[in-house]
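**Q** Below, each chain spelled out in residue letters.
Protein chains: 2
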Amino acid sequence: MRYFEDIEVGSTEEFGEYHVTKAEITEFAEQYDPQPFHTDEDAASESAFGELVASGWHTAAMSMRLLVDNYLGDQAGMGGRSADELRWERPVTPGETLSLRLEVVDKHCSESDPQRGYVDNYIEVVNQDDEVVLSYIVTGMIERRKSDE
Amino acid sequence: MRYFEDIEVGSTEEFGEYHVTKAEITEFAEQYDPQPFHTDEDAASESAFGELVASGWHTAAMSMRLLVDNYLGDQAGMGGRSADELRWERPVTPGETLSLRLEVVDKHCSESDPQRGYVDNYIEVVNQDDEVVLSYIVTGMIERRKSDE
Chain A
1 MRYFEDIEVG STEEFGEYHV TKAEITEFAE QYDPQPFHTD EDAASESAFG
51 ELVASGWHTA AMSMRLLVDN YLGDQAGMGG RSADELRWER PVTPGETLSL
101 RLEVVDKHCS ESDPQRGYVD NYIEVVNQDD EVVLSYIVTG MIERRKSDE
Chain B
1 MRYFEDIEVG STEEFGEYHV TKAEITEFAE QYDPQPFHTD EDAASESAFG
51 ELVASGWHTA AMSMRLLVDN YLGDQAGMGG RSADELRWER PVTPGETLSL
101 RLEVVDKHCS ESDPQRGYVD NYIEVVNQDD EVVLSYIVTG MIERRKSDE
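Chains A and B supply the protein sequences, listed in that same order.
Read in order, the letters of the first sequence are residues 1 to 149 in UniProt numbering.
Read in order, the letters of the second sequence are residues 1 to 149 in UniProt numbering.
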């Protein structure tokens, strides 16, 4: 298990492969973001996007799945606290394959809880053409190593 | 249909009622954020949260549904561009009822596209006890009124 002390500021990772399907785009959108350019191919073709595109929050959710499967699994994570400078740089369309780049940009101890630390990660979600579709800074909470570990 | 010109900076809205269920929390988490404190009640009881909590991205997605159902339906929206200062202030647990407060904090024209404007909305998602569980500023793209409309 990796704790706060094991996280190195400046370290980078690149991982994952998330295949985006039309069915998943419309399913997410029907539940959480039922705007026509996310749920209906014909309506989308007449929108500013010109084609069906994933909800921006869906792309964020997909990035979370990439993080859990490839990076957070062996961390003593305590959940997320905040996200900043989130930019939906490009639409995500059916048939794309997404992967994730991560850089640890900062970490700091909690002032109120000696067992807790915070890690700031800069995230870029990129498509199969290496174009950034989404970027953000996420601050996660993580356990500090107990003195006997 | 409401266009960029119809949006008034400083205006506020408060709306919606989203009932959060255990089934929906675990379903979202199994697909997008399979960390034990989001997917498994027993594991969650031994986590820092002490109980099952919704994925932070799930709460963001629920807030989007509240916006689409109650606010964006009659806007000439062109999708979201960015989100800033997103704060998961409190965990969201099964049985809670969420609603949304919105304030239009700024708007500005696009320099590259005369048909497009940007609107910055400050969003607070509150639970049944009027506690803020999530807040963020989201910048949405919206059509400008054509001169003959």
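Among these hints, one or two may not hold up.
Computed spacing ranges between beta-carbons, pair by pair [said to hold, decoys possible]:
| id | chain 1 | residue 1 | chain 2 | residue 2 | range |
| --- | --- | --- | --- | --- | --- |
| 1 | A | D6 | B | R145 | 51 to 59 Å |
| 2 | B | E85 | A | K22 | 30 to 38 Å |
| 3 | A | E85 | B | T21 | 29 to 37 Å |
| 4 | B | A23 | A | R145 | 30 to 38 Å |
| 5 | A | E8 | B | K22 | 31 to 39 Å |
| 6 | A | E8 | B | R145 | 48 to 56 Å |
| 7 | B | C109 | A | E85 | 41 to 49 Å |
| 8 | A | D6 | B | K22 | 15 to 23 Å |
| 9 | B | D6 | A | E24 | 30 to 38 Å |
| 10 | A | R145 | B | G10 | 42 to 50 Å |
| 11 | B | M1 | A | M1 | 47 to 55 Å |
| 12 | A | K146 | B | G10 | 45 to 53 Å |
| 13 | B | E24 | A | C109 | 30 to 38 Å |
| 14 | A | T12 | B | G95 | 25 to 33 Å |
Derived list of chain A stretches under chain B, where covered just means 3 residues or more per stretch with a C-beta under 8 Å from a C-beta of chain B [stated by the list, open to error]:
| id | segment |
| --- | --- |
| 15 | 59-67 |
| 16 | 72-84 |
| 17 | 92-102 |
| 18 | 119-130 |
Counterexamples of contact, computed for chain B against chain A with all Cβ distances above 10 Å [what the hints assert, rightly or not]:
| id | residue |
| --- | --- |
| 19 | A23 |
| 20 | E41 |
| 21 | E124 |
Simulated from the structure, these hints should not be mistaken for laboratory data.
Cβ atoms here follow ideal geometry from the backbone N, Cα and C, with glycine treated the same way.
**Q** Hint compliance check: list the failing hint numbers for this structure, sorted ascending.
**A** 7, 8, 14, 17, 18
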